[in-house]
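A.B. asks: Letter by letter, the chains look like this.
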Amino acid sequence: MKIRRVGAAGLLIECPDPDRVEDWRAELWRRRESGELHAAEIVPGALTVLLDGVAPGTAELLAAWEPAPGERRSGGSNVAIPTVFDGEDLESVADLWAVTPDEAVRRLTATPLTVAFSGFAPGFAYMRGFPDEWAVPRLAAPRPRVPAGSVALAGGYAGIYPTASPGGWRLVGRTDQKLFDVRREHPALLTPGTRVRLVAA
Amino acid sequence: MITVLRAGPLTTVQDLGRPGYAHLGVPRSGALDQPALRLANRFVGNADDAAVLETTVLGCALRFADRTLVAVTGAVADVDADRRPVERLRGCQLFEVPAGGILDVKRATRGVRSYIAVAGGIAVEPVLGSRSTDTLSGLGPARLADGDTLPIGVPALAPSLVGEPAPITGELVLGVRLGPRDDWYATKELFGSSYRISPLSNRVGARLAGNALTRAKAGELPSEGVVLGAVQVPADGQPIIFLADHPTTGGYPVVGVVDDVTPLAQARPGTTVRFRELD
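Here the protein sequences line up with chains A and B, keeping their order.
What the first sequence shows, in full-length UniProt numbering, is residues 1 to 201, in sequence order.
What the second sequence shows, in full-length UniProt numbering, is residues 1 to 279, in sequence order.
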């Protein structure tokens with residue numbers, strides 16, 4: 001584990017792989033919940049966990065808190081996303097995978113996904129779980145408007161657009177689930193650690 | 001109640017923002033010049049977290065249905081209360097607008113953003129604990145438009161006086177702590193040259209123009225969390241300093257973090273920026 005300084009009150013924990021990010025994220029959220037850790041923000045990334053608004057001396061505490069490898073503390077919820085697989089890029093994804101569109105949909109629904117981190121927009125979750133060979137490049141030119149609820153792939157991630165926005169991910173389907181609603185007690189449907197299944201609707 | 005007569009190019013409701021939701025992709029948002037926000041609120045007896053209006057260069061004009069105590073801080077601008085100019089003292093124009101009276105904040109002569117606090121605060125519906133308009137994600141109330149009406153809360157406390165605000169200067173020297181990704185660029189170059197604030201700057205970030213930093217490491221950085229004041233360097237080598245509406249994660253290296261972004265809230269395009277390394 002390496003810890004990098006981020007300004008006067010931030011720390012960045014570097015992890016060797018996304019599983020360790022999830023271990024650290026869960027560990028730090030738990031320690032904050034129990035009052036051992038004070039942090040304004042705990043933000044997982046692809047291979048890092050950022051802490052912001054921490055007290056001096058926190059870096060020393062972290063060294064003693066390293067979660068045991070493979071010890072999954074995640075109390076993440078399970079969410080099924082009913083999806084209509086009629087995305088404009090489903091065929092191009094199937095081509096990149098060298099399979100039929102039906103087989104691409106079978107892969108998408110058969111793979112258990114986990115929210116690695118959020119970003120881009122409120123409630124936009126980067127979901128991992130696909131093998132590296134299934135990674136697909138972004139579109140060469142982003143679409144000016146991707147509809148809300150679009151289920152899409154880019155890099156090794158799956159994501160769902162919470163609101164209409166420009167976007168360069170490859171669209172494989174759509175869902176009518178509301179990904180982000182500020183009126184809910186928990187505004188984001190998908191948060192880091194959430195386990196997700198795409199289900200054919 | 002307030003009626004917006006002239007909204008100006010970008011006038012938004014702002015308070016202390018909505019920190020604590022970065023893990024959901026929600027920007028912190030909030031007033032860019034937080035000392036000016038607090039100053040304005042204290043002059044009218046509001047709590048520090050009361051919502052105010054943040055204008056951009058050209059000010060705005062408002063009509064008040066009821067007699068209201070108002071304070072204007074931040075950028076230096078002439079202010080008329082019911083067509084009479086208001087003197088600026090201790091960085092603030094403080095006055096009472098009569099019922100039906102009009103407040104006109106004119107074009108800023110120094111600085112960029114004026115803060116208009118009203119006793120009781122701007123009482124729009126909070127979103128995730130904040131009334132701030134987030135120009136990146138669209139959370140919070142829409143930017144002001146001509147003809148909009150805004151509710152005012154109930155005035156609570158007695159006004160409390162506060163210290164002098166920092167002066168708005170023509171050249172900025174920003175303290176920066178290197179890291180987390182200072183190994184990705186020749187960051188010593190940051191301290192050897194001066195930059196100018198680009199006109200493309202906004203509430204998301206202050207874009208700088210000057211000597212492009214030399215890349216020291218090839219490859220692509222996986223997305224990671226970023227903080228307020230982060231100095232992010234995209235492929236063209238021209239730094240961007242993240243302000244209140246910054247995205248919560250980013251894929252360009254952050255070579256350092258500016259310790260106080262307040263001066264950038266009032267820095268006009270063309271302003272010279274230098275960096276000073278902090279331990």
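Some hints could be false.
With a Cα cut of at most 35 Å, we get these calculated DSBU-like pairs of lysine-lysine [what the hints assert, rightly or not]:
(1) B:Lys188 with A:Lys2
(2) B:Lys217 with B:Lys188
(3) B:Lys217 with A:Lys2
Calculated directly from the structure, the hints in this document are not laboratory data.
The structure displayed is predicted, hence computed values, not measured ones.
A.B. asks: Report the numbers of all earlier hints that the structure fails to satisfy, in ascending order.
C.D. replies: none
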